[in-house]
Amino acid sequence: MIDREAAGRRLDQYLSQREDASRSAAQKWIEDGLVTVNGKTVSKSYKLSEGDMVEFTRPEAKPMEAKAEDLPLEIVYQDDYLAVVNKPKEMVVHPAPGNAEGTLVNALLYHLDNLSGINGVIRPGIVHRIDKNTSGLLIVAKEDKAHIGLAEQIKEHSFTRKYRAIVVGNLKDDMGTVDKPIDRHPVNRQKMAVVQGGREAVTHYCVLERLPGFTYVELTLETGRTHQIRVHMASLGHPVMGDTLYGGGKTEFEKKNAKILKEQCLHACHIGFVHPITGEQLSFDAVLPGYFEEVLKKLRRMS
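Residues in the sequence shown are numbered consecutively from 1, following my numbering.
If you are wondering where the hints come from, they were derived from the structure by calculation, not from laboratory data.
Possibly wrong hints are sitting among the right ones.
Straight-line alpha carbon distances no greater than 27 Å define the calculated DSS-like cross-link-like pairs of lysine-lysine that follow [stated by the list, open to error]:
#1 K256 x K28
#2 K142 x K191
#3 K256 x K191
#4 K162 x K47
#5 K44 x K172
#6 K67 x K40
#7 K44 x K28
#8 K132 x K40
#9 K47 x K132
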């Protein structure tokens, strides 16, 4: 039964948060007639009233299995145990309900001869992730022993990951550290947030260049929480350029260049680790993608 606090909210928003699902998944359930309010089907935009009875018949889960797809993939390095790839912006890392094709995993299954099975058939080889709209370097395990060794390095914070970003506004200090715990947002389940009692999250930043209305920075992750850089920079009042989920995208420059940005201007530029089998120290760098360089050029011309 809908209480006073939930009254006035859209049905799809309420359902996505109640079921801890994406907004699009909730909308599909409503459109498929799986959701009723007071015994009747209604539209996804229905505004709930106090006392409404919302009933949801969850569809049967369909087993998923990732399929190999001949998708473009830049393999920076590979041997018998692991690979390092440069993920393009707008590519999801692994399949999920409603997004079963076109992912990095689909490409990996086509281009690599083997992948570790620790994370199951949907996430083979995936040791760590970056967001769909973040480009850059990812390490992939080709067999289980290598996967375990890499995962242990991440857990021990000995895995080096550096990012480049353009953030909104002028950062006060040239260098700094954000040490704020992160957990799921208490209201919007699609977001993360700085939450007291959340999981430890530490990000180090260094200013590379000050630009009109923005700052070009390099960020080093000490931990690897979901959306960590995006949440931490927003908590300083300097959201990542184009990141509408965490407060970016509001300046005139961002609005004018929205088609170039396509959400956050964030790139995983460096990765370093000890090879889990040979013990060799490895490090790799990825140049900035075209969209990022274009944004920098435009800002520099404004200086």
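How the hints compare with the structure:
no.: 1; hint: K256 x K28; result: violated, 32 Å
no.: 2; hint: K142 x K191; result: violated, 31 Å
no.: 3; hint: K256 x K191; result: holds, 25 Å
no.: 4; hint: K162 x K47; result: violated, 44 Å
no.: 5; hint: K44 x K172; result: violated, 44 Å
no.: 6; hint: K67 x K40; result: violated, 39 Å
no.: 7; hint: K44 x K28; result: holds, 9 Å
no.: 8; hint: K132 x K40; result: violated, 37 Å
no.: 9; hint: K47 x K132; result: violated, 31 Å
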